[in-house]
Structure formats: structure tokens, C-alpha cells
Amino acid sequence: MNKITNNKAWFLVLPVFFIVAISAIIPLMTVVNYSVQDIFDPQTRFFVGTEWFEQVLGDSRLHDALLRQIFYTLSVLFIEIPLGIAVALTLPRKGWGVSASMVLLALPLLIPWNVVGTIWQIFGRADIGLGGYVINLMGIDYNYAQNPMDAWLTVLVMDVWHWTSLIVLLCYAGLRSIPDAYYQAAKIDGASRWAVFRFIQLPKMQSVLVIGVLLRFMDSFMIYTEPFVLTGGGPGNATTFLSQFLTRMAVGQFDLGPAAAFSLVYFLIILLVCWVFYTVVMNAGKQGEQ
Amino acid sequence: MAWMAWTPITAAFFGCIFLMLIGMGIWQAVSPTVPRRGFLPLTTTRGDRLFISLLGAAYIHLGWLAFTDAALWIGSIIALVWLVIVMRWG
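So the protein sequences, as listed, match chains A and B.
Position one of the first sequence corresponds to residue 1 (full-length UniProt numbering), numbered consecutively onward.
Position one of the second sequence corresponds to residue 1 (full-length UniProt numbering), numbered consecutively onward.
It is possible that part of the hints are untrue.
As the list claims (entries may be wrong) - Calculated Cβ distances over 10 angstroms to all of chain A for the following chain B residues:
{"no.": "1", "residue": "Met24"}
{"no.": "2", "residue": "Arg36"}
{"no.": "3", "residue": "Leu50"}
{"no.": "4", "residue": "Ala58"}
Stated by the list, open to error - Just so you have them, the derived chain B footprint on chain A, three or more residues with Cβ under 8 angstroms:
{"no.": "5", "stretch": "16-30"}
{"no.": "6", "stretch": "105-116"}
{"no.": "7", "stretch": "260-273"}
Keep in mind the hints are simulated off the structure, nothing from the lab.
C-beta atoms are modelled at their ideal positions from N, C-alpha and C, and glycine is treated no differently.
All chains should be modelled from the sequences, with the hints used to inform the complete structure.
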């Protein structure tokens, strides 16, 4: 039987194509153009070839920021993903508790990034903040403005507070899509709680977890506003992550060429990690189905 | 388009990418790709292999700039060889 093909549907993609072109592709092309020039404005510019790339790739401050960023992102993923799954597993499946927990969990997600930073900035202060005051009361010398480790932990806890809900909601949606028949079959087979999780719940959550991990990876790898408001990148450079380093370079020092070269390196890192992760997980899913 | 600060080299670079995409589109229309498995540890279509080879080429250039002082065109040749290998046997 010949399949009837109708390519007119492609016209429906055109608006998306134009929006993506204007919002992403054209700016990216401009960044590539900037990265090979010493540029002050589009009329005042000199071609420098790969000089900015060499400078950026050899910059020890960038290496430090990259290591901090990788460690931070891995910490975020290792805490938020298991915690999100665990919380999703404990949520009620029916009754008024469902709506109540959904509203409570969605609250942190609704707060703008800079407000989250301000909340934690006040919350963590030893003099006027509840969190900082209580920690100091317990005899722990906690001061995120002076101690790098305290600053680091505060940024991490803030991110966990802000974004674990996203993983919980995604996992909960995945769990709700599992038909009761699976659980009934597991019960008949005498499956343990761990076996139910490992062979029914986890595989069914796979696709939402891929989205969750990718979103949290990209978001935490590009984190800017919260640490900027909370610590301003300090003390010293303890919480200066890549995007803050980049903003300092581009807006603070107006080094547009090196900042453009650095942006491209940053973009390539995110592109590679996302692609590898997506490919590995999707291939594992296909092999599982086979 | 003056605000985009074009240079001849970046224009040529994007021209090549654009021509590659057009070429791949025509190639796909003339002879649709068949997913296959080569030396890469995953099943790929022609488009996947182009993406992998372009991403690899970008990293080869970055690595070249970061770790050697040798002329960049040597790195470009390595990247081109990588592109051909992945497209043919990947």
C-alpha cells in the first residue's frame, strides 16, 4: 500500500524556525564573529584570528571556574535526583494530600531567581536570619560572607531547595502513568519493594528523568542569578561560576572578543555533555526494550 | 547585517555549514539514510554522523589551540580526516 505523504505540514514549522533563528542562531553566529575579532563596536574592530581562544583556554582563572562549576553541577545532580525520586515515591497517590503536596512542592519553582537569592541571603545571616542564627546557636561558626565552605554549602542548599521540586513533580508524573496492573503482577510474583522500584518504577520514570537530569544539568551549569545575589561570587572567588566569570569579562571589563570565545567553549561543553547523556540514556532504553 | 560584525573567514565558515546542510537535505531526498552501526558505539543516521564529526572537529581545534603551538591548519586537516572517517565508517 502506498503511503500518502503530505509535506504541507512543514509550513507549520516555519514560525518556530523563524523564532529559533532570531532568538538563537543569529545571536550565536554573531558571537562566532565576535570571537575572532578585537571589537569595541561593529565599526571599530580588528581581526585577531584564534588569539582569544588561545588566551581563554590558557586562563587559569577559567580553569578554576570550570572545575568549581563541574563540582557544583555534579553535587546538584547527585543530591537533587535521588532526593527528588525519594520524595516522589513517598507522595500520596490519591485524596486531598495530592493537591496539597503539589501546591507545596510547586511554590519554590514559582519564586524568581533573584528573590530566591535574596531570601537565602537574609535567611543565612547570623544577625537577622533564622537559618544563620540557629546554626550559630548550635555552636557552629557559620558565616557565608566570610567562609568559602559556608558560602559554597549555602549556594548548594539553596539550589536543592529551589529545584528538587522540579524533579519530584517530573518523577511523580512518571509514577502516576504506571498502570495498577504492573503493581498487581509484582505482588502476585512476590516482588520485593526494591524489585518493584528497580524493574517497574525506575524504567517507567526513565524518560522524565532524562528530561529532569538534562534540565538540571543545563540550569546548574549556567547558574548565575542566585549566587550573584547571595554571595556576589565570593568570598574571594569561591562561588564564582562560569556564567559569572563570563559576565564579568563581557560586561564588567567589556572584553567582548575573549568573552565571545569563552561563550563558544562554554556552549560546546554543554552541547557535548547533553548529547552524550541523551544518547547514552536513549540507547540504554532501546536495549532495555529489546 | 553590519551589526553582526561579519568577517570573510566566519562568513566562509557559516557558508560551508549552510551548504553542508543543503547538501545533506538533497542527499536525503535523493537517497534516504539507513541507520547503521559502524565503529561508533551506537546506531547512527547520516545526520547523526555529521553532527558527531562537526562536534569532534570543534573539539579537535580547541584541543589543538590549548595543547600545541603548531600551526592550526594541521589541526584542521586532522579534523577533516576525522570528518571523513566518521561519515564513511562511523
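Each hint, compared with the structure:
1. Met24: 16 angstroms, holds
2. Arg36: Nearest chain A Cβ is 14 angstroms from B:Arg36, so the label holds.
3. Leu50: About 13 angstroms separates B:Leu50 from the closest Cβ of chain A, which puts it past 10 angstroms; holds.
4. Ala58: About 6 angstroms separates B:Ala58 from the closest Cβ of chain A, which leaves it inside 10 angstroms; violated.
5. 16-30: holds (count 3)
6. 105-116: violated (count 0)
7. 260-273: Since three or more residues must qualify, the claim that chain B covers the stretch 260-273 of chain A holds, with 4 doing so at under 8 angstroms.
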